[in-house]
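Trainee: Read off the chains here:
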Amino acid sequence: MELQQHHQHHIKLSEESLQKQTTTLNLGPTHPATHGVFQNIMEIDGERVLETVPTIGYIHRAFEKIAERRPFYQITTLTDRLNYCSSPINNMGWHMTVEKLLKINVPKRVQYLRVIVMELARIADHLVCNSVVAVDTGALTPFTYVFQVREHIYEIFEEICGSRLTTNMGRVGGFERNFSATAFEKLDKFLQDFPKTMKEFENLLDRNRIFMDRCIGAGPISAERALNYGFTGPNLRATGVDYDVRVAQPYSSYEDFDFKIPVGTNGDVYDRYLVRNGEIWQSLSIIRQALEKIEKIEKEFPEQKNIFYAQEADHFHLPPKEDVYTKMEALIYHFKIIMGEIDAPKGEVYHAVEGGNGELGFYLISDGGRTPYRLHFRRPCFIYYQAFPEMVSGGLLSDAIIALSSLNVIAGELDA
Amino acid sequence: MALTNEIIKQKLTEKFGDQLTEWDEQFGLLTFKVPADQNLKVIQFLYDDETLRFRFLTDLTAVHYPERKGEEICVVYHLHNLVDNIRLRFKVYVPSEKPDVYTVTQRFSTANWMERETYDFFGVNFIGHPNLIRILNVDEMDYFPMRKEYAMEDPTRRDKDDEMFGR
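As you go down the protein sequences, you meet chains A and B in turn.
Under this note's numbering, the first residue of the first sequence carries the number 1, and numbering increases by one thereafter.
Under this note's numbering, the first residue of the second sequence carries the number 1, and numbering increases by one thereafter.
Calculated directly from the structure, the hints in this document are not laboratory data.
Here a beta-carbon is modelled for each residue, glycine too, at the ideal position from N, C-alpha and C.
Accuracy of the hints is not assured; some may be wrong.
As the list claims (entries may be wrong) - Partial list, computed: chain B residues near chain A (C-beta under 7 angstroms):
#1 Q26
#2 F56
#3 D59
#4 N81
#5 L82
#6 S109
#7 T110
#8 N112
#9 W113
#10 M152
Input sequences plus hints: build the corresponding full structure.
Mentor: This is how it looks when you write it as structure tokens:
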């Protein structure tokens, strides 16, 4: 009986539904074109979208609540599952937030290693987004090309931390282990092979008449509206605003690097596509610079070769397993950290990193216990997805589909 | 001259006097408390003033402090001045029995979902919000889960022992 009432509660067809001339279309929650679990109830007139009502929350996992019971090092796994296309950025962002609270200075080499990983993740993230835009316009080939190099990136991650998608990479203070020689070899190979594939990818799409006709002018947003909607990341830069957290509030020594911020003008699908491609090239250049810098450090101070975390983060950095089994201090720290006997200082900190989709913020309040008193994720997807109805109403349904994929809405980040 | 926390503080004190309290500057981020009925005025002033120009709402969320009697729910705003590249944070405290705060959706469209999320998890009633309904949780939910009275399951409890599921 109760179930029936619930059903009645959900199905709401108005009296006018008999006379109405428009069509109601359910896009999602599981639809191949949404690339994630979220729903749009669209009112369409022929092929024109009149109105769309997004419903989200299908994979809400209450991360903020769960985080209130978890010691800091266990929250890393939660951040993995926000934007799972670029989990290392989330991991590092979280670690840097905690380091800010603990006032830990991370050695330069570790910061550069982090930059390498984060930029690799950004490339992977942008590749997925851009190739999926192509898929939604009907071009499947570029997608298969770039997924091969995405695989190479994941192999590098695998070599560094053991996992691929949800990486749980690093610890507060640095990494769990040093990069192996194989990791650097794979990285070198990637840097050699990737530009060729990327060029191929761009050749297939950038000046492709069909692709351009589909993308130019689709799902546009003005810079003013984008700012009002809290856009950040590539989607904001496509409108012409050059806001990038890496430049505005540099973290992990991004100020040492020389790179450009690609911007667009119209804020439509095509501009977003171009901005992401431009960023991929910039990320490549950043990775090269980082490798050079690391090489320089190692040449000057050979002993730095073995530094992969900040010594001062001892109280929070799980020691390497071989030390735990052989050294007393490491064993003590291991147990103290695992048993949650280490309290964080009191404090309130907001730290933002440039995630794949924009400003990924961590608002952490610590009351001096082992777990956060409150942890809030500023998820760029969640914030800009609310502009979707405004961006697509009046346009074609097919434009709405590519607008959705070019926004790179990741359900994990949307719902947290 | 670059905009600094001192200038912002001075400007705000000139305008609002001693209504703004609990000034703080942890990790370089200017933080202050605003009376519950003044949040719109402060936001508008920060937006309009030609030197302050805080025209980007970075984040809006809430925190529950059960021990702060009479002002248990704290709504937190993070604003960003993109031109001078400076952030600030202000807080509004409201009682959990009557958590009424004015909406800022007229000023920032982005506040729409942020406020819905805050309502969803803390039950903050944003007066004037165009569509204040739950966003991430199911509509049938009749409590606000991020409040501290809903503790996470205690891992040491024994009443859920279940051999079949290994707990």
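Trainee: Of all the hints given earlier, name the ones this structure violates by number, lowest first.
Mentor: 4
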